[in-house]
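Trainee: Which chain is which? The protein sequence lines are L and X, in order. Sequential numbering of the first sequence, starting at 438, is according to my numbering. Sequential numbering of the second sequence, starting at 36, is according to my numbering.
There is no bait here: all hints are sound.
If we take Cβ atoms under 10 angstroms as the criterion, some of the chain X residues that face chain L in the derived model are:
{"id": "1", "residue": "K80"}
{"id": "2", "residue": "I82"}
{"id": "3", "residue": "R83"}
{"id": "4", "residue": "M94"}
{"id": "5", "residue": "Q102"}
{"id": "6", "residue": "T144"}
{"id": "7", "residue": "A156"}
{"id": "8", "residue": "L159"}
{"id": "9", "residue": "V165"}
{"id": "10", "residue": "D166"}
{"id": "11", "residue": "N169"}
In case anyone wonders, no lab produced these hints; they're calculated from the structure. Here a beta-carbon is modelled for each residue, glycine too, at the ideal position from N, C-alpha and C.
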Amino acid sequence: MIHPSHFTAVLLFALFASTVFGITMRDTPRRMFRYAAYCFILFIGSTIVLSWVMFLIAR
Amino acid sequence: MATTPNKPAAAGKTSTNKTSNQGFVYLPLIAGWLIPGAGHFLLRKWIRGSLLFVCIIAMFILGLAMQGKLYTSAQDILEMLGVAGDLGGGLLYFISRTMGMGAEPVRTTVADYGTKFIVVAGLLNIIAAVDAHNLRTGRKAS
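Sequences and hints are given; from them, build the entire structure.
Mentor: Here you go:
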């Protein structure tokens, strides 16, 4: 049994999902890597932005 | 978009495409569904297959380790969608169910994350299996 924090869970989710997206959505290794990095940054970035939005709404 | 999407492979242009319709074209799809990455291994895409194998299995196991729930019955529409997502895991799902894993009801927030990890691992496995099928048929260039 593991108890990751919400952010750790997001990091793990983003890492695995981005890797699969990169491999399946692009056709050369360089473009796969770039697309995976792009997806990873979007996952993490949107999480941070939405977290701040919810924090400000809750105040 | 960071990069442009894939261009479809020109049919019959290369020698790979000439041979791509020989044999059972659905084998990579079925193998990839049963075992994550197996479809790519059949096509000799060793690195891609290994990465898919590691990512999907790690996500599924992490989901179970977080005490995520495996959907077993389809009482309502949301549970039906959950079963469909879990079934995407292929043998991982059937083995886990046989071993009695993921049977506990969700009581904590972390367990809810785990349930989502399991469902998404199944959905990612379906994407990977379809990718292997597209490589096999020549719809995806390489």
